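Trainee: Each chain, letter by letter, is given below.
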Amino acid sequence: MTGKFDVNVLFNHWDRFLEGFIHTVESSIIALIGSFILGTIIAVMRISPYKPLNWIGTVYVEFIRNIPVLLVTFFFFLGLPSLGIPIGGFTAGTLGLMVYTASFIAECVRAGIQSVPFGQTEAARATGLTYMQTMLHVVLPQSIKIVLPSIGNQFINLVKNSSILAVVAGLDLMYYADLINADTFLPLTVYTFVALFYLVLTIPLSIGVHYMERRFSSTDR
Amino acid sequence: MNKRSRLGAFLVLLVVCLVFAGCGSKKESAEKGGTLEAIKARGKVIAGVKYDTKLFGLKDPATGKVEGFDIDIAKALAKKILGDENKVELKEVTSKTRIPLLQNGDIDLIVATMTVTEERKQQVDFSDIYFKAGQSLLVKKGSPIQGLQDLKGVKVLTVKGSTSAKNIREKAPDANVLEFENYQDAFTALKAGQGEVLTTDNAILLGMQQQDPNYVLVGGNFTDEPYGIAIKKGDAEFVKEVNDLLKEMKSSGEYDKLYEQWMGVKPE
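For the record, the sequence lines run as chains A and B. Oh and the first sequence: position 136 is 136 in UniProt numbering, straight run, nothing missing. Oh and the second sequence: position 242 is 242 in UniProt numbering, straight run, nothing missing.
Derived from the structure by calculation, the hints contain no laboratory data. Treat the hints with care, as some may be off.
Derived lysine-lysine pairs resembling DSBU-like cross-links, with alpha carbons at most 35 Å apart [claimed, not checked]:
no.	chain 1	residue 1	chain 2	residue 2
1	B	Lys160	A	Lys160
2	B	Lys79	B	Lys240
3	B	Lys121	B	Lys250
4	B	Lys155	B	Lys250
5	A	Lys160	B	Lys250
6	B	Lys191	B	Lys233
7	B	Lys240	A	Lys4
8	A	Lys4	B	Lys121
Interface residues of chain A toward chain B, partial, derived using beta-carbon atoms under 7 Å [said to hold, decoys possible]:
no.	residue
9	Glu19
10	Ala124
11	Ala126
From a predicted model like this one, the values you see are computed outputs, not experimental measurements. All C-beta atoms in this analysis are idealised placements derived from N, C-alpha and C, irrespective of residue type, glycine included.
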C-alpha cells in the first residue's frame, strides 16, 4: 500500500502542496537576500585590517559554519521566545537559514576578495579612497563576478535546507508533505511530488550557476 | 520446481505445523475451567502490561522493575485472589500483541492502557472502566484558556498525523493547529511559548504535567476512550472477579490513592 503511486494525491491535496510551496519560496527568497547581504558584511569584516572586526567575522564564520542548521534554527525557535522575543516557526526557520547560509557565503566572498590582486587595493587607497570605499567601488564589484557561481551553489543548498522549517511548524512544503502523508499513507507518492516541487526551484538555480561559470570564465582576462 | 525448493517448501510446512501444534496445546490447557481456577492452580496471576508507557506501565532501565498504575491494579488482583500482591507475573504486551496473547492463554488478563471499543468487544470481554482516558488540553498555569470554547485563533500544538490533530481540527475549527515531530518536541515548543495549548490523550498530558507542574490540564476530556481490563471472551466469572476488585478498591479508597500516586491528581 505504501508503495502504491497515486497521482490523485497531488490534485486532492493541491491546496496544501501549494501553500507549502509558496512558504518555501518566500522563506528561500528572504533568506537568500538576507544571507547575501549578511555574508558580504561578514566577509569584509573578516579580512578587515581592524582587529576587533576581523575577530568578530572569524568567530561568526567558524562558529556558525560548524554547527548544524537545525541547531541554529532551534536557537531562534526556542531560545528567542524564552528571552521574551516572540517569533513563530516560519520566522525562526527563515532566520536560522539566513544566519547559517551567511557563514558559507562569507567564505565564498572572502575568497573572491582575496583573488583580486592586492595592487588594486593599494592603488585605490593611494587615490584617497577609504577602506570602505575601496571595498564597495573597487574590490567587491570585481570579486562578485568571480564568486557568483559558488554563491549560486550556496543558494541551491539554501533552498534544500529550507526543509528545516518542517521541524518548527514553519508551514513549508516539507511540513505539509508530512501532514499529507499522515492522511494518505502514500509516502512514495507524496515525497516524490515534494521532490519535484523542490526541483522546480533548484534546477533553474543550477542552470544559472552553469551559465555564470561559462560566461565569466570566457570573458575574464 | 527443483529439488532444493521442494525441500525448502517441506521445511516451511513442517515449521508451520509445529508452531500450530504448539498453539493448540496451550489453548487446551487454558480452556480447562475458567481463568480464575487456572490462576489458583498455578498460584500466580499472569498479567499482560505495557513496558513503555509512562504512568501506566514503564520499565525503569536502572532497576529493571516495571512500575505504573496498570501494574498496581494487577498486583491488587493477585492480592485479592491469592492473598499476596507479589504473586503476579508481568508479561510485556504491545497494542498489536495483547489480544492474540490473551486468546492463546499466555496471559490471564490485559491491563495495558486498552481502550474499550465495540470492535474489540467482539474479541475479548472488558471489565468496568478503570481509567477515563480521552483527549484533553494542557496549558500554562493561570492561562485564560479553560476549554475548547476558548481556542479561537489560539495556537494549539500537537503531533504530526496523530488522531489528536484530526480531533482538534474537528472540535475547534477556529484554532490554529501546529504539528510537531513528537510529543517531546511539542512540549518543548509549548514551554518556549510557541503556542498556548498542547492537546493529546490525557494520559500523556498527565505525564507532562508531572514533569513540569507549571502546566496543567484544563477542560476535562473532549473525546471518550476509556480504559478497561480485557479478559478472555466468555469468562463471565473472571470478569465479575475483576469488577468486584475495582468496586472494592473504589469503596476502600485504594483506587483513589493509587490514582493520585500515579497521575498526580485526584480522579474526577
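Trainee: Hints first: check each against the structure and report whether it holds.
Mentor: Cross-check of the supplied hints:
1. Lys160(B) to Lys160(A): This hinted pair holds, its Cα atoms lying about 21 Å apart.
2. Lys79(B) to Lys240(B): Since the Cα atoms of Lys79(B) and Lys240(B) sit roughly 16 Å apart, the hinted pair holds (cutoff 35 Å).
3. Lys121(B) to Lys250(B): Measuring from Cα to Cα gives roughly 24 Å; hence the hint holds.
4. Lys155(B) to Lys250(B): At roughly 39 Å apart (the allowed maximum being 35 Å), Lys250(B) and Lys155(B) break the hint.
5. Lys160(A) to Lys250(B): Violated, at about 58 Å.
6. Lys191(B) to Lys233(B): Not OK: Lys191(B) and Lys233(B) at ~45 Å, beyond 35 Å, violated.
7. Lys240(B) to Lys4(A): violated, 48 Å
8. Lys4(A) to Lys121(B): The given pair, whose Cα atoms are some 33 Å apart, holds under the 35 Å limit.
9. Glu19: With a minimum Cβ separation of about 14 Å from chain B (threshold 7 Å), the hint on Glu19(A) is violated.
10. Ala124: violated, 48 Å
11. Ala126: At 54 Å from the nearest chain B Cβ, Ala126(A) fails the 7 Å test, so the hint is violated.
Hints 4, 5, 6, 7, 9, 10, 11 from the list above are not met by this structure, while the remaining hints are.
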